[in-house]
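Chemist: Heads up: the sequence lines are chains A and B, in that order. Residue 109 in numbering that gives the first Met the number 0 sits at position 110 of the first sequence; the count goes up by one each step and never skips. Residue 13 in numbering that gives the first Met the number 0 sits at position 14 of the second sequence; the count goes up by one each step and never skips.
These are computed hints drawn from the structure, not numbers from a lab. Every value quoted in this text rests on a predicted model; they were computed, and no experiment measured them. Warning: the hint list may mix true and false statements.
Identical chains share a label here; the pair holds if one copy fits it or two copies do between them.
[Claimed, not checked] Pairs of lysine-lysine residues, derived as DSS-like cross-links and limited to a Cα-Cα distance of at most 30 Å, are as follows:
id	residue 1	residue 2
1	Lys-37	Lys-13
2	Lys-13	Lys-54
3	Lys-54	Lys-24
4	Lys-54	Lys-37
Each chain is listed here by its residues.
Number of protein chains: 2
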Amino acid sequence: MSGELPVAGEVRGKMVEGAALLLAKQGLQATSFSEVLKATGAPRGSIYHHFPEGKDQLVDAALDLVAARMLDGLAQQAGRSAEEVTAYVIGAWRFVLERSGFAAGCAVLAVTVAADSPELLQRAAAIFRAWRERLTGLYVRAGFDEARAARFAAAVIAATEGAVVMCRAERSLEPLELVGETLLEQARRT
Amino acid sequence: MSGELPVAGEVRGKMVEGAALLLAKQGLQATSFSEVLKATGAPRGSIYHHFPEGKDQLVDAALDLVAARMLDGLAQQAGRSAEEVTAYVIGAWRFVLERSGFAAGCAVLAVTVAADSPELLQRAAAIFRAWRERLTGLYVRAGFDEARAARFAAAVIAATEGAVVMCRAERSLEPLELVGETLLEQARRT
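All chains should be built: construct the whole structure from the sequences, respecting the hints.
Modeler: Pasting the structure below:
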């Protein structure tokens, strides 16, 4: 048993990372076990070992990873100004687009628009809500009143999600840059 | 020949409508010829008759339909205030969500996140750009300077696109309402 667990954990981690990237690049239907094995080099047996409940279990784990990354990033913005917090969200999406050559976007959005089970949709909803709540908290701490913070948090998440899709289609950062300017201007208005 | 053409056109139209709705509800991969036939009751032969180039030709036609609907709706907003124009876009998406019980969103977004050909991606990009340009023109006419109109048009399209995805996941209009308030507030600021 000793020695086996870390390797097993590594294979599982690679598969979850691979699934998250496939979701972000090609959407839910294209994120099959066979594509994940191909992308990660994981042995076929790892499917049944790590994800005995099937594909949704892998997708769930990939969504958990994506959700936690944004939440961790936002946690580090505590105490910053509304403008700095907003710039962080815009920058995080710019990084995803640039690093992938406009091939990747948001895995949570990709799952929502092609979800074939209520459970996956609920998982996506819980993530969008968690991001909104975390961001609302940051804007309240930065001096916004509660109602304005909730409105602006929803606007920042919605506008960056939409802009990322437009950037992927246009293969250009322009939509995100235009949207970013508008959001930063609003963030500065206190 | 007489009498046949209108029926053929009707079948084609139904298939295109059906494909547009499937794209909006279930995404690109789920929009197969067989699903479109099932949804519309069109005879199998209509595939080869109307779409000899294959599925992408049907998806293209569905995107054309969706693109034209938004452009036609925007054309009717000429001469209105920035607030009225913005309220129109928000209302159009609210209608899609309400009529479908949160099942449908934007077909162009759905194609972008699962596009498996550069041609489909380019088609989606052209539509997003056309919407942005039309909306920019309306805001210029409503009194915004060119740069601000371009920024705000991008923000309105991105934010409503993103909000619609969040509404579908959460099965609630709340994200669109919050985002809508923020956009309307900005539109009023002249």
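Chemist: Would you mind marking each hint as holding or not holding in the structure?
Modeler: Results of checking the hints against the structure:
1. Lys-37 with Lys-13: Classified as within: same-chain Cα gap 11 Å, cross-chain 39 Å, threshold 30 Å.
2. Lys-13 with Lys-54: within (15 Å within a copy, 34 Å between copies)
3. Lys-54 with Lys-24: both (17 Å within a copy, 21 Å between copies)
4. Lys-54 with Lys-37: Classified as both; 15 Å inside a copy, 26 Å across copies.
Going down the numbered hints, you'll see the structure goes against none, and every one checks out.
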